[in-house]
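K.L.:
Below, each chain spelled out in residue letters.
2 protein chains.
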Amino acid sequence: MSYPDLETHCGRIQRLEDAIGMLHWDMAAMMPEGGAAARTEQMAALSVIQHELATDPRIGGWLAASADSELDGWQAANRRTIERRYLHATAVPAKLVEALTRATAACEQTWRRARADDDFAGLRPKLEAVVELVREAAAAKGEALGVSPYQALLDQYDPGTTVERIDALFDELAGWLPEMIERVIDRQAKGPALVRPEGPFAIADQEALGQTLMAALGFDFAHGRLDVSHHPFCGGAPDDVRITTRYDEADFMQALMGVVHETGHALYERGLPAEWRYQPVGRAAGMTVHESQSLLMEMQACRTRAFIEYAAPLLRDRFAPGGGPAWTVDNLHRLYTRVERGLIRVDADEVTYPAHVILRYRLERQLVDGTLAVADLPDAWRAAMKALVGIEPPDDRDGCMQDIHWIEGIFGYFPTYTLGAMAAAQLFAAAREALPIDAQLARGEFGPLVGWLRENVHRWGARYTTDGLLEKATGAPLSADAFRRHLTRRYLEE
Amino acid sequence: MSYPDLETHCGRIQRLEDAIGMLHWDMAAMMPEGGAAARTEQMAALSVIQHELATDPRIGGWLAASADSELDGWQAANRRTIERRYLHATAVPAKLVEALTRATAACEQTWRRARADDDFAGLRPKLEAVVELVREAAAAKGEALGVSPYQALLDQYDPGTTVERIDALFDELAGWLPEMIERVIDRQAKGPALVRPEGPFAIADQEALGQTLMAALGFDFAHGRLDVSHHPFCGGAPDDVRITTRYDEADFMQALMGVVHETGHALYERGLPAEWRYQPVGRAAGMTVHESQSLLMEMQACRTRAFIEYAAPLLRDRFAPGGGPAWTVDNLHRLYTRVERGLIRVDADEVTYPAHVILRYRLERQLVDGTLAVADLPDAWRAAMKALVGIEPPDDRDGCMQDIHWIEGIFGYFPTYTLGAMAAAQLFAAAREALPIDAQLARGEFGPLVGWLRENVHRWGARYTTDGLLEKATGAPLSADAFRRHLTRRYLEE
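Chains as they are written, first to last, in our numbering: chain V, 212 to 705; chain A, 212 to 705.
Keep in mind the hints are simulated off the structure, nothing from the lab. Note that beta-carbon positions come from the ideal geometry of N, C-alpha and C, so glycine has one too. What you were told as hints is all true, and nothing was included just to trick you.
Chain A regions said to be covered by chain V (calculated; three or more residues, Cβ under 8 angstroms):
no., stretch
1, 235 to 249
2, 255 to 261
3, 427 to 433
4, 443 to 457
Required output: the full structure, derived from the provided sequences and hints.
P.N.:
Here's what the structure looks like:
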């Protein structure tokens, strides 16, 4: 009876993690600023308990005892997921976990100032300490999992996807992307001039419109909320999904597409298999699949011309009852598909975004391997930006200091953004073959698309790897083909 | 080194309980209805962990080993509080705790229907089951603490206060209260007629006014929030106090006084000794003291004529810029001090409220002692209402089925409402001797009053019993004298 014991124990961990997720949402969306210290105490106490439960040596015993148990497909996948998590949780000694927590906290504090002051020299020793500890942790995890250190880090975010696969996919992408960026920008420069809608756009209007779109996409407000936070995210738990956005009175596009993006995440959470709700296999397959669901909505579905045809009257009714040249379908579509070389990843469009990611992936692999020293990061960053995006940052603030990931010790996460974009293109292409999607989107009808995703992606939870899931849903493992066809069609043909 | 171990362990429990408190607030104020099942799972998982930590046998060992330790006053009080909690937590076998959880959940479900249908016969078997289990638990706790079963229940909510003290106080109160109610109602009937302000009163206005009053009282919005829930309460944690109210467009008085009441609770939480933040001694002394702080604001301070002089222009500016007879200080003060015999405790004014409480206290003692059968509760209720409040309920819905306390297995809590009202009167009288309170309230100046409360009540946390704290703050243990003088002055002399 050791497999049932695993389920009971891991069910408890999952419920605790859900509680932590709710508190995390509250911290970002509701908590008054003075509550921060108390929340840190609460979260730290829950994290210690979570860690104790996740490293409980009985898990190892139950895993060993259930190795030859007769399990069905779901149970076996669940056991595998539990085993993987247990290896991750137990690989790193408690002392190293503690040292990492302290080092990243110190690094983050320094980063907030150093970034503002463009002071990489000031940041450097703190970041070196973080990288050093991350390398130790990666080595420990790699040994436990029997893979390379960087592979072990990646495995935390996208289980089953290998560094070799990513290298192949990204090398291919890097082969054609710079030229495509060039061509798209040239083409857009020759096209009609953009007309920027002029604000202010009342936040209440933006919020109401966001809720309208969420409802159209199929967000269930009986099982979730929309609120405001500094960094938009999708949190909470599958039956109580909390998404956030932020508003800018001068620009409605960012908040609106942010809402659509987070709604994509939320639909995935809601569609996860309810019968495995509190087991690891019942949760997301990984960050690549999660990101594919948000990008499928934000980039694939909601920047089609068809969708803009549906959305344009809604936008006009709210923001410009008199209409005007900024509010035509043509102009709005141009706005939503504008491509520009920029320094900042989070502001990038879908064509240039992968270049930002490939750059980070290559650098973080070298940092983890020890072939790039933190001291050499600014130069390496500039060179890679020049080669991949085509521009060079004038400082480190908007260069290698722009992201919080490495500061927080998060290595191995970046590639999932672009793997997700590729998966989104591949899934959307498959859905488009099965359904008259453009006609449906032009009417704001997301039901069939979401139904297809539920059936082919959401309901499988973590049962398959990213490649396994893609193969099941689209007939092929993840590739860059659909993504390339998508960009070519939208930006060079349409 | 066993006392420090106690602090470490109990600090962990307190942080976990704070996290549970935040989730409880979210459930009442933020959660979409579809999140209920998931929240139940999260709360249950955290409760099991809380119970495991609170009954950890090492606590017993540390308590025994620290019995002769040299501790200062705070540490000794902390150790006493920990010991008391440990006895409560370990007295009741896990099986009985589980049976109670199940029985009260079933009883509550039946109660929601049975109350609506005025069907006491339908409720009876479920309530009998609850009372039976409560009696078992009370017997177990009584044995562990070396006191009577009801005393053990009371001790959970107001440690240190004895049944004998309550009997004496309530018997005295019951001696003069019915006649006082009679006289006050007669007097008010002969006075000027009330003019009811006519709504609707926009919720946004009520909320803004509530926030204005909260700020005047000293609520720190950097460490707390005001939101909406079905049942108003004060939750969260001392550094992040979440209070709620509910709004009725037809009546602004309820929401506004609710906000003032919960702000009183919130100020107490904020004023608890920060240096003992995560130890039991650093938290509230008990429900009597807690309720004294809300009632001191709601009943003592904010229904004085002085405060109404301050508040009347604020109310007029918001709700009736044209003024009118409903908005004079005289009329508003009459509204806020109106006394009426009613069937429902939560709607009662401060003069009749104690009658409702004494009635419940006497009946619940008999239920726990076994001298009153659940079957005889409706008749006993009617007789006691007639004797104490002066009216008889026409049904059980607005009679013995009106409160959720017994349904949820909460016995021993009711008396703290009226002990709190008495303590509020006694503390307010003492503050009035020390400060020119009426002149200050007429200017909306709460700083001196809150400062007095911080100094004499809040900062002591759970270091003293209710009587000990009152004696320190006012020179005498809790008595009904100040409460009687207060009622006499406000309702029969002013």
